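**Q** Each chain, written out:
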Amino acid sequence: MELAIGIILGCCALGAGLAMIAGIGPGIGEGNAVAKACEAIGRQPESKGAVTSTMLFGCVIAETTGLYALVIAILLIFVAPGRLVDLLVSTMAGL
Amino acid sequence: MKQKNLRFYVVDVLLLALSILPLLAAIVLKILTAPPSEGISITGAQIYVTLPMPIQPLIITESQINSWLIMLSIAALCLYLTHGIRARVQTRRQLLAEWIVETVDNMIHENMGEYFAAFAPFVAGMLALSAFSSLSSLLGLYPPTSDLNVTAGWAILVFILITYYKMKCGPWHYIKSFGDPVVVLAPMNVISEVATPISMAFRHYGNILSGSIVSVLVAAGLAGLSERLFGALPGFLGDFPFLRIGIPAALSVYFDVFSGCLQAYIFAVLTMLYVSSAFPKDEYEQRKRRRAEKKQRLQKSEQ
Chain U
25 MELAIGIILG
35 CCALGAGLAM
45 IAGIGPGIGE
55 GNAVAKACEA
65 IGRQPESKGA
75 VTSTMLFGCV
85 IAETTGLYAL
95 VIAILLIFVA
105 PGRLVDLLVS
115 TMAGL
Chain Y
120 MKQKNLRFYV
130 VDVLLLALSI
140 LPLLAAIVLK
150 ILTAPPSEGI
160 SITGAQIYVT
170 LPMPIQPLII
180 TESQINSWLI
190 MLSIAALCLY
200 LTHGIRARVQ
210 TRRQLLAEWI
220 VETVDNMIHE
230 NMGEYFAAFA
240 PFVAGMLALS
250 AFSSLSSLLG
260 LYPPTSDLNV
270 TAGWAILVFI
280 LITYYKMKCG
290 PWHYIKSFGD
300 PVVVLAPMNV
310 ISEVATPISM
320 AFRHYGNILS
330 GSIVSVLVAA
340 GLAGLSERLF
350 GALPGFLGDF
360 PFLRIGIPAA
370 LSVYFDVFSG
380 CLQAYIFAVL
390 TMLYVSSAFP
400 KDEYEQRKRR
410 RAEKKQRLQK
420 SEQ
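Protein chains in written order, with the working numbering: chain U, 25 to 119; chain Y, 120 to 422.
Hints in this document: simulated from the structure, not taken from any laboratory. None of these values were measured; they are calculated from a predicted model. No incorrect hints appear here.
Across the chosen pairs, the derived CB separations fall in these ranges:
| hint | chain 1 | residue 1 | chain 2 | residue 2 | range |
| --- | --- | --- | --- | --- | --- |
| 1 | U | 77 | Y | 124 | 42 to 48 Å |
| 2 | Y | 170 | U | 102 | 24 to 30 Å |
| 3 | U | 77 | Y | 125 | 43 to 49 Å |
| 4 | U | 77 | Y | 232 | 17 to 23 Å |
| 5 | U | 76 | Y | 169 | 43 to 49 Å |
| 6 | U | 47 | Y | 166 | 29 to 35 Å |
| 7 | Y | 165 | U | 30 | 27 to 33 Å |
Pairs of lysine to any residue residues, derived as SDA-like cross-links and limited to a Cα-Cα distance of at most 20 Å, are as follows:
| hint | chain 1 | residue 1 | chain 2 | residue 2 |
| --- | --- | --- | --- | --- |
| 8 | U | 72 | Y | 230 |
| 9 | U | 72 | Y | 381 |
| 10 | Y | 295 | Y | 405 |
| 11 | U | 60 | U | 49 |
| 12 | U | 72 | Y | 384 |
| 13 | Y | 287 | Y | 237 |
| 14 | U | 60 | U | 79 |
| 15 | Y | 295 | Y | 310 |
| 16 | Y | 149 | Y | 259 |
| 17 | U | 72 | Y | 226 |
| 18 | Y | 285 | Y | 302 |
| 19 | U | 60 | U | 82 |
Ideal Cβ positions, reconstructed from N, Cα and C, are used throughout, including at glycine.
I would like the entire structure built from these sequences, with the hints used as guidance.
**A** And the structure:
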């Protein structure tokens with residue numbers, strides 16, 4: 025029983041960690057976006073306002089995939105272990 | 120004249136108090152109902168009442184109560200800003216109110232066009248509610264926007280608006296728009312249609328929630344670290360978490376203030392862009408013209 029609960033908790037934590045690998049993608053993407061925005065501002069300093077707001081908007085859109093991974097990781101850490109352990113306990117009680 | 124002045128001031132103070140009292144009430148409610156906790160814990164919204172309902176029990180949580188109190192506070196603040204507004208006399212608060220209205224009108228004008236000018240109050244309300252909800256964590260309240268139910272509700276509202284404006288050219292045009300480049304891609308179009316509200320809800324909720332989780336983790340880590348570093352000092356000095364002074368505040372400026380306001384802005388801009396791009400303007404005008412011509416022809420034949 026303890027072993028089963030331990031495996032559940034460990035696998036949930038492992039899954040959350042693996043899910044957050046998705047953080048690489050938005051990191052690279054947003055870095056590229058900011059680099060290009062810096063270049064654009066360097067070339068045309070007068071367009072700083074428009075470039076900055078467009079860049080922020082694009083960054084937020086690029087962040088979406090990372091946030092999906094984050095939501096899954098949060099569910100795996102805070103919600104899934106309790107549900108799974110409850111399920112395990114109820115099935116063990118039924119046997 | 121003097122009596123009128125006095126009444127004006129009384130109403131003024133009342134409105135200000137009305138805008139602050141809901142927040143105080145939320146803080147008091149939080150203090151009264153918060154369970155005693157040891158150390159640092161990350162929990163969801165607290166459940167206040169569970170009402171029995173035919174299909175499923177209705178759960179009233181901290182996030183609902185907080186968002187209603189914040190709405191009350193915003194409404195009172197708006198009344199305060201527009202209290203005693205006149206055409207000529209320019210008070211500071213009137214200038215502020217005019218600036219807010221003009222900014223939102225400009226945003227609508229730039230992002231949506233003239234046809235959607237009536238959208239300004241909706242977008243401004245959403246912006247204010249979202250920003251104030253995220254900023255309420257500065258008062259120690261549970262920010263309603265870090266609850267998925269709240270942001271999902273807003274996203275569903277936006278989805279209904281999007282669908283309404285896509286339906287403007289009739290249901291047949293709406294169904295045809297799914298098979299846009301080729302009919303084979305229809306499932307993909309359906310998925311991308313459904314993904315819009317999901318991504319809007321997750322974006323707002325994930326940003327605020329991840330900010331609060333990171334802040335809590337950093338505060339806990341700093342407490343442990345300062346215990347390691349200064350634990351050997353005698354008496355009070357050994358127990359006091361020195362590293363927790365200031366460093367979490369700097370994080371809070373980013374996560375609570377900057378990120379909260381940015382997400383509110385992004386939510387409003389996304390609402391505007393999605394709604395205005397959902398509306399097929401050219402086809403709507405063509406359809407309107409065709410209908411007018413048909414009507415004219417009918418009238419002529421009747422004559």
